[in-house]
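Q: Each chain, letter by letter, is given below.
Protein chains: 2
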Amino acid sequence: MSSYVVALDVGGTAMKGGLVSASGEVLLTDRRPTPRVDGPLRVIAAIRTFIDDLAQAGHGTPSGVGLAVPGLVTEDRAVYSANIGWKDVLATDFTSLSVPVRLGHDVRTGGLAERVLGAGRSEPDFLFLPIGTGIAGAMIIEGRPYGGSSGWGGEIGHISVFPDGERCACGQIGCLETYASAASVGRRYGERLSRAASVQRPDTAYSAPGPSAAAYSNPASAPGAYPAPPSAPAAHSASAPPASAEDVVALAMRGDPDASAVWDEALEALSIALASYTLLLDPSSIVIGGGLAEAGAALFDPLAERLEGRLTFRSAPPLRHAALGMNAGMLGAALLGWQAAGIADAGASWALDVLRSPSVP
Amino acid sequence: MSSYVVALDVGGTAMKGGLVSASGEVLLTDRRPTPRVDGPLRVIAAIRTFIDDLAQAGHGTPSGVGLAVPGLVTEDRAVYSANIGWKDVLATDFTSLSVPVRLGHDVRTGGLAERVLGAGRSEPDFLFLPIGTGIAGAMIIEGRPYGGSSGWGGEIGHISVFPDGERCACGQIGCLETYASAASVGRRYGERLSRAASVQRPDTAYSAPGPSAAAYSNPASAPGAYPAPPSAPAAHSASAPPASAEDVVALAMRGDPDASAVWDEALEALSIALASYTLLLDPSSIVIGGGLAEAGAALFDPLAERLEGRLTFRSAPPLRHAALGMNAGMLGAALLGWQAAGIADAGASWALDVLRSPSVP
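Residue numbers (the numbering used here), protein chains in the order written: chain A, 365 to 725; chain B, 365 to 725.
Do not take every clue at face value.
Note: identical chains are not told apart, hence a pair may lie in one copy or across any two.
Restricting the straight-line Cα-Cα distance to at most 25 Å, the calculated cross-link-like pairs of lysine to any residue (SDA-like) are [as the list claims (entries may be wrong)]:
| hint | residue 1 | residue 2 |
| --- | --- | --- |
| 1 | K451 | A680 |
| 2 | K451 | P621 |
| 3 | K451 | L405 |
| 4 | K451 | D528 |
| 5 | K451 | R678 |
| 6 | K451 | S648 |
| 7 | K451 | T676 |
| 8 | K451 | G422 |
| 9 | K451 | F677 |
| 10 | K451 | A378 |
| 11 | K451 | W516 |
No lab work stands behind these hints, which were simulated from the structure alone.
From just these sequences and the hints, can you work out the full model?
A: Now the structure itself:
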């Protein structure tokens with residue numbers, strides 16, 4: 365086996381790991397739960413074990429380790445994560461191996477992967493926008509992810525799109541995320557049905573059309589700094605499962621008025637936020653990933669039309685589907701691992717066919 | 365006299381020129397009207413003459429020429445300006461001298477000057493926001509002005525702060541500029557009085573408290589791509605001069621209810637836009653310039669408070685007053701001129717005391 369790095373994408377729910385060769389071959393992947401409820405020390409211990417186990421599967425010592433983690437992060441320190449609960453963890457504390465380690469912010473590491481290996485390969489200036497449980501963006505500026513003056517940049521999910529709108533879980537008013545994340549689309553549909561039920565229209569009670577309540581959610585792309593929005597009050601039916609965004613989109617496509625109203629507001633909120641981003645940052649494209657991107661044409665077509673309609677004196681950037689799916693974070697972590705190993709332009713020569721790479725399970 | 369560059373800040377109304385030495389001494393300044401109404405060829409000819417005349421005042425050939433111009437611009441080409449009407453003008457076409465020439469976008473050139481010589485000297489990541497006739501920003505990212513993928517970035521004046529609000533002159537709805545530019549503050553106050561007059565409350569008719577209708581306007585900071593907003597219908601009094609933003613702020617400070625309402629909406633619009641900018645770009649500070657910054661504490665204090673109030677999970681960046689005033693564009697053009705002459709870090713060693721430099725008349 366050729367030389368390799370260990371790559372780990374640490375989300376609030378799951379950790380996605382892999383071994384990636386110097387030529388970009390994904391040698392293996394694995395996935396484990398993040399023991400977040402057991403506290404930060406347990407998470408760090410689980411990461412160390414996961415890295416050890418992955419390295420065991422490789423031949424010889426890895427050339428480096430790369431980790432994508434949530435919260436505030438520098439290359440050599442996980443400064444803070446409200447989601448996981450850690451504070452000031454050195455990169456080297458995440459592994460027992462004596463190899464170079466580099467950290468990256470979860471969403472920006474996914475953006476790095478899309479830039480080097482994915483939908484942004486030929487674009488130095490774009491927005492990577494994974495929409496899952498939460499919404500955060502990776503601004504790719506002059507070829508590299510940009511995190512702002514202190515690392516807190518990219519919080520497009522919390523710009524106020526409706527200043528007189530709903531209160532977000534973060535405490536602000538009218539945040540994009542509270543209208544348009546996958547979790548919010550499901551929650552808002554449930555709330556709408558509950559309101560309808562409370563005014564005595566039992567015929568509108570919801571029954572979930574799809575099997576998976578977790579569909580379209582993407583824990584890795586959540587900003588992770590805030591508690592999840594409260595789930596919909598189940599006043600109308602104690603046994604109805606919460607709607608997933610996938611369900612809501614499917615219902616909207618079939619003309620369901622409640623689902624259509626919720627989806628319409630999500631699209632409107634997204635178009636306002638993306639118009640603001642476009643006017644400020646002038647991206648050459650907007651690369652949408654995360655669970656909600658799986659809605660496909662039901663998302664991309666009306667959103668592109670609304671974005672174009674909002675802009676009068678400039679054109680709208682094209683919306684593209686992210687290329688790397690749920691592997692973006694792990695592949696970005698692999699790039700960080702190779703950068704740690706001294707390969708500054710890691711990935712530049714990789715002829716990665718992501719469809720042929722083993723996916724993270 | 366030491367070696368020098370010719371610097372020119374070309375606005376829609378006036379051109380501000382200067383000679384600046386290699387050590388940052390402003391040797392002289394001058395100002396001429398921009399013959400915009402006579403068409404782009406006349407403007408180009410006027411620029412050439414202005415540069416010739418400035419160079420005549422120096423000893424020997426200048427080391428370079430720097431120009432700040434509106435619209436879409438690269439270092440060596442004025443690609444397009446709706447305001448002035450030119451298209452694809454080479455940098456070298458702006459002068460008859462055989463010296464290196466470099467162009468810059470007007471607002472970003474002002475931002476460059478604030479970064480190198482002014483309020484952002486120690487800050488690599490901040491927003492320079494001149495508020496005048498229009499509103500456009502210069503995003504300083506990792507030490508340099510950033511214009512986006514195609515040069516159209518920074519249009520913070522046209523992000524929609526009230527999606528159900530007023531139509532902007534640009535055609536979009538609820539733009540920051542249509543509520544908070546100096547021109548809009550004056551216009552909206554006049555419109556408010558007109559509406560009051562039309563419902564038969566003649567006691568609210570406006571009489572201008574200040575002498576200058578042009579106060580607080582700053583043509584150089586206008587994006588320049590759109591027509592000026594229509595002036596207030598003068599239904600209530602054909603002879604009343606339009607209110608200036610300075611007038612409106614003064615009236616608001618004295619408790620005038622109409623002026624207070626207009627100023628309140630301007631502050632609210634600014635706080636929404638700056639909260640969005642902060643959440644996205646995470647600047648270490650926001651440097652406000654242009655005519656409206658002359659409102660001082662009446663602008664800065666309530667705006668800082670509102671911005672802080674809008675952000676729940678992060679702190680607000682401090683608001684700073686721009687240091688270079690109306691000279692920012694000319695001083696930035698001087699930096700461009702020295703860059704053209706081969707001094708990549710022009711300005712780094714200048715011990716510029718802008719208060720002792722001759723101001724552009």
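Q: Against this structure, judge whether each hint is valid.
A: Status of the hints after comparison with the structure:
1. K451 x A680: This pair counts as between: shortest inter-copy Cα distance 22 Å, intra-copy 40 Å.
2. K451 x P621: neither (46 Å within a copy, 49 Å between copies)
3. K451 x L405: within (10 Å within a copy, 61 Å between copies)
4. K451 x D528: neither (35 Å within a copy, 42 Å between copies)
5. K451 x R678: between (43 Å within a copy, 16 Å between copies)
6. K451 x S648: Between copies, since 22 Å is at most 25 Å while 36 Å is not.
7. K451 x T676: This pair counts as between: shortest inter-copy Cα distance 20 Å, intra-copy 45 Å.
8. K451 x G422: neither (31 Å within a copy, 59 Å between copies)
9. K451 x F677: Answer is between: at 16 Å across copies they meet the 25 Å cutoff, but 45 Å inside does not.
10. K451 x A378: The answer is within: 20 Å in one copy meets 25 Å, while 54 Å across copies does not.
11. K451 x W516: Classified as within; 15 Å inside a copy, 39 Å across copies.
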